[in-house]
Structures are given as structure tokens and as C-alpha cells.
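*Asks:* With chain Z fixed as given, assemble chain X onto it according to the hints.
As you go down the protein sequences, you meet chains Z and X in turn. For the first sequence, our numbering gives the first residue as 1, with consecutive numbering after it. For the second sequence, our numbering gives the first residue as 89, with consecutive numbering after it.
Source of the hints: derived by calculation from the structure; they are not laboratory data. Values in this document were obtained by computation on a predicted structure and should not be read as measured data. Heads up, none of these hints are tricks.
These stretches of chain Z come out as covered by chain X in the derived footprint (C-beta under 8 Å, 3 or more residues):
no.	stretch
1	11-21
2	42-54
3	63-75
All residues carry an ideal CB built from backbone N, CA and C; glycine is no exception.
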Amino acid sequence: MSGRTDDHQWSQQHLSHYVEGELRPRARRRLDRHAWDCADCGRGIRAMRALVYAVQGLDGLAGVRAPATIFDRVRLAGAGGSPSSQNI
Amino acid sequence: MPPLAGKRAPDPADTEASLLARAQAGDVRAFERLSSAYADRLFMLLLRLLGDRGEAEDVAQEVMLRAWQGIGRFRGQSSYFTWLYRIAVNEANRALEKKARRPAGVSIGAHELQLPASPAHDPSRQAENSELRRDLGQALTQLPPVLRTAIVLRDVEGLSTQEAAEIVGVGQAAFKSRLHQARLRVRAAIGDEALIIAGG
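Just chain Z, same shape as in the assembly (with noise of 0.2 Å):
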């Protein structure tokens, strides 16, 4: 029982690496026959991978520009002189 209990928390932890497939051979093989008959880790899988998938598609921003002003302060020190004289 607490073999269970340990591999149920071991594969909890390790959810976002799995999904990644960032776990080694056997680590994946340990949390496979553990999520077949988890119904909790088999959904975390499903959930963890579904969020991954959301949150790599939230690119609405693609297309957006850098401010035209992104350089102003650079160029107002740059009047100042060579980079490596100033300290951050």
C-alpha cells in the first residue's frame, strides 16, 4: 500500500516532465503502470497536458511591435559617451 502511496506521489511530481518526455526509460515505464490504473494521475496527465497545449498557444502578441521609442534613452546616454566608462 504505501509502495502505491509513494509512486502516487513520485508521479504527481513528475507530471510535467512526463508530459514533456523529459523522464528517463525506466522513470517513464514507473509512472505508466502507475497512471493505468490511477484514475487521478491519468487525468493529471490529460489535464497537464491540455494546459501545456493552451499556454503554448497563447501567442496573440504574435505581430506585435517594439515601441519606436525603445531607443530614446539609450540615445540621450549615448551623448554621454563610450558604454564601458558608465555604470549600471
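*Replies:* Coordinates of chain X only, in the frame set by chain Z:
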């Protein structure tokens, strides 16, 4: 050998290494040309981290100023892009911390973040996506800055774990831990059912 028809050999004066050397020697225009290549992407990152256009514009100017002031000390141990992004992340976090100390919280522009339309253009599916988009935007804005930075760099920006960890200035294991924490919090905020339904 002459360049192939239709392709122009890059002007040696315009290579990143050349622009960098000139910028480090104090050439502001070279610095601008060097950094312009990343300006749009950097501004999008700031918008995603800060969620407010006015603030992103202010911080973007500060990032470029800091990069200009520090370029003499850039030794090329990372790529220029990584170095610039690191400054941007630091400045964004500084701005977020300043904002967090203000008494009244200002809603961060979740409306600026959009999910792509569903391939089938199914109206009910689009409505679900729209709702999910709003909820995701809100959940991201409620994350502590370090966790928000992790999920934005890795999942939204699509950087590798190695690149993102380098930008944040932590080891890959620590970065993965932050990313996992960020995803768990967003997942808890949205709810498994909503995510699974939206994911189809």
C-alpha cells in the same frame, strides 16, 4: 567565389560580432542595429510578463539603456540574445515587485493573450477557448514573478529548458522545478475538467 544569384553575401560590417565590437567601442548606432534584431521579441516578452503596454514600453526602454550601459562588460559567454533577455527578465521582475508593493492591484491585461481559433472554427469550441484564454491569462498574472517567468519563457516563448534556465540564471533542475510549480498552480486555478474539455 561570387555569391549565388538571388543571394547577397552579408555585409561584414553588419554581422553580430562586428556590430557588437562597434557597440562596445561606444557606437550607439551599432548598438541599435544589433539590438533591433531582438527588439520586437523582447517587447512581446515584456508584454507577456507585465501585461500592460505602457509599463512594457517603459521597461523596454530601461532594458535597452541597461544593455547599452553594460555592453562593455559583455564577454560573449552566452549569446547576445540570452544576455539581453536576462536583463529584460530582471527588469520585468523588478517592475512587478514594485507593482506588488503598491496598495491597489492593477489587473494585468489577460485580454492581450489569445489562444488560436480552433481548426474547425466551431463557435462553441471558440467560446470555450475564449473562456479558457481569459482564465489562463488571469491564472498567469496571479503567479509569483519567478513562476510566471518560467512558464512564459518555456511554454509561451518556446525556449528550451537550457536557454530559459540560462536567462533566469538558475540551473536546469531548479528551472524545471519552477516550471512544474507554475504549471501545477495554473492547472489548479483552471481545473482539470476545463483543461481536458478544451484540449479535446
